[in-house]
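Visitor: Sequence:
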Amino acid sequence: MRTTPLWLLAGRALLLALVLLSTESLARGRGKARGAVEAPSLRPTVEKLPDGSELVLALRPQAAWASLHYVVRTGSRNDPGGKEGLAHLLEHLIFHGTFDVRGDDFQLAVKAAGGSFNGLTSAHSTTYVLEAPAESFLPLAEQLVRIVTSPKLDPRQLQREVEIIGTESQYFGQGPGFHEHLEDTLFAGPSSRTILGTQQTLNSITREDLAGFYTRHYTPANTSIVITGGVKREEVLGMLERSVRLPPSRPGEYKPTPVPPPLLPIEQTTRAYFSLIAYGYAVAPKDQGLCPRAAALLKLRLLRSLHVEEPMTMGMEVQCMTLRGNTFLMALAFSASINSSTLPDRMQLAFAGLAKEPPTAAEEKLVDRHIQRAYAQREEDDLGRGTELAREVAQPRSGPLNPARLLIPPTRLPRGAVRDFARRTFVPDRQVVVNFSPFAG
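When you read off a place in the sequence shown, starting at 1, and then add 901, the result is the number in the working numbering.
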């Protein structure tokens, strides 16, 4: 996994601004302009397989592409003391293959098909990703699942991967990106900053350490398999039957990571060369279904006031995000304006306004139009859908995965529902303010 230091976030935020503008322009003329917002035609399904693993499907057999995300709900927070970087090093080593599927052969086959693969390690999960044209997907997926579920863990490759990770650290830094920084601020316990480890901790890791970690954490009960796009369910089940080589989990063998409560309220201001602020509130579990609509309305108002009427922000996003199993409604903004010191107050007023001023009929209509256009763009984005689902299933949770909570559409709500949601949610003891500003200190 590559982590990004905070000083690079200015460039990313500029890119975000361009993405926001291009999304609106590309969406023009697509979708219906009137009427209530329709839910997506594709809803993910969730089932428990006989070996204890979790299978999440969002299939569209006619699609040209398909994706596989093999998610192990274990990451750097599970690294043993003094061996930080082990989970990430294991991810690298697994890609060297198994005894009958060479990693180099798999990589060449993926490239020859025009696909791509990757591995991602975070604080709470490790994910192995394959994206490929539908006609080539199943054989490649079978190879990847075999590699992940029966890796060779060749000790001769260990030092080479340690050197590669050292290069990652040199070029991409070990400091957290903004989302990681926000997560570290909100929660006590192991930090996501230790994903790469240090040269000292990596050099202390042995093949026995890696094998022991794999045996403890790479079990079906700790695994989610997300597949999207151009395959059929029976084809997926057949592929998994042939390729999974982990022994079935026994009942109760692996207990899920409990959902940690955030440390609230949070108000943190740090001096920086730019203004970057995350402002928002924690959302109660019972209100998760209301969050997307409230976020869409809030985004409309903030973009209008801070991006159009008074161009203060260069990038703005409002979203319901999940961090360590907790939902937050967050507004994130980047600014190079001399007036950016007022951003926290302006955001607070916008959030408070949602509790005082219900959406007008014109606002509801405009939000419906934007949502419909966004879904028209995303309807065939099977690869993006796989990424979103994998991110959700990797989160800590207190119980079984509820498919109704996956990819929740911001549908039209009864009159007064957004106002009542805002009054319950936008209260001082749920507040989150993380502000990087040249005016701080």
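Treat each hint with caution, since some may be false.
No more than 25 Å apart at the CA atoms, straight line, and that leaves these computed lysine-lysine pairs for BS3-like [as the list claims (entries may be wrong)]: (1) Lys984 x Lys1053; (2) Lys1133 x Lys1187; (3) Lys1053 x Lys1012; (4) Lys949 x Lys1266; (5) Lys949 x Lys1133; (6) Lys1012 x Lys1133; (7) Lys1156 x Lys1187.
It is worth saying that the hints were derived from the structure and are not from the lab.
Visitor: The structure should be examined with respect to each hint, and the outcome stated for every one.
Guide: Tested hints:
Restraint check for Lys984 and Lys1053: the C-alpha separation of about 21 Å stays at or below 25 Å, so the hint holds. Between Lys1133 and Lys1187 the CA atoms are separated by roughly 34 Å; this puts the pair beyond 25 Å, and the hint is violated. In summary, the hint linking Lys1053 to Lys1012 is supported, as the alpha carbons are separated by about 22 Å, within the 25 Å threshold. For the hint pairing Lys949 with Lys1266, the CA-to-CA distance comes to about 40 Å; that exceeds 25 Å, so the pair is violated.
For the hint pairing Lys949 with Lys1133, the CA-to-CA distance comes to about 17 Å; that is within 25 Å, so the pair holds. Of the supplied pair hints, the one linking Lys1012 and Lys1133 holds, its CA atoms being roughly 23 Å apart against a limit of 25 Å. Only pairs whose Cα atoms come within 25 Å are accepted, and Lys1156 paired with Lys1187 is accepted, the gap being roughly 24 Å.
When each numbered hint is compared with the structure, violations occur for hints 2, 4.
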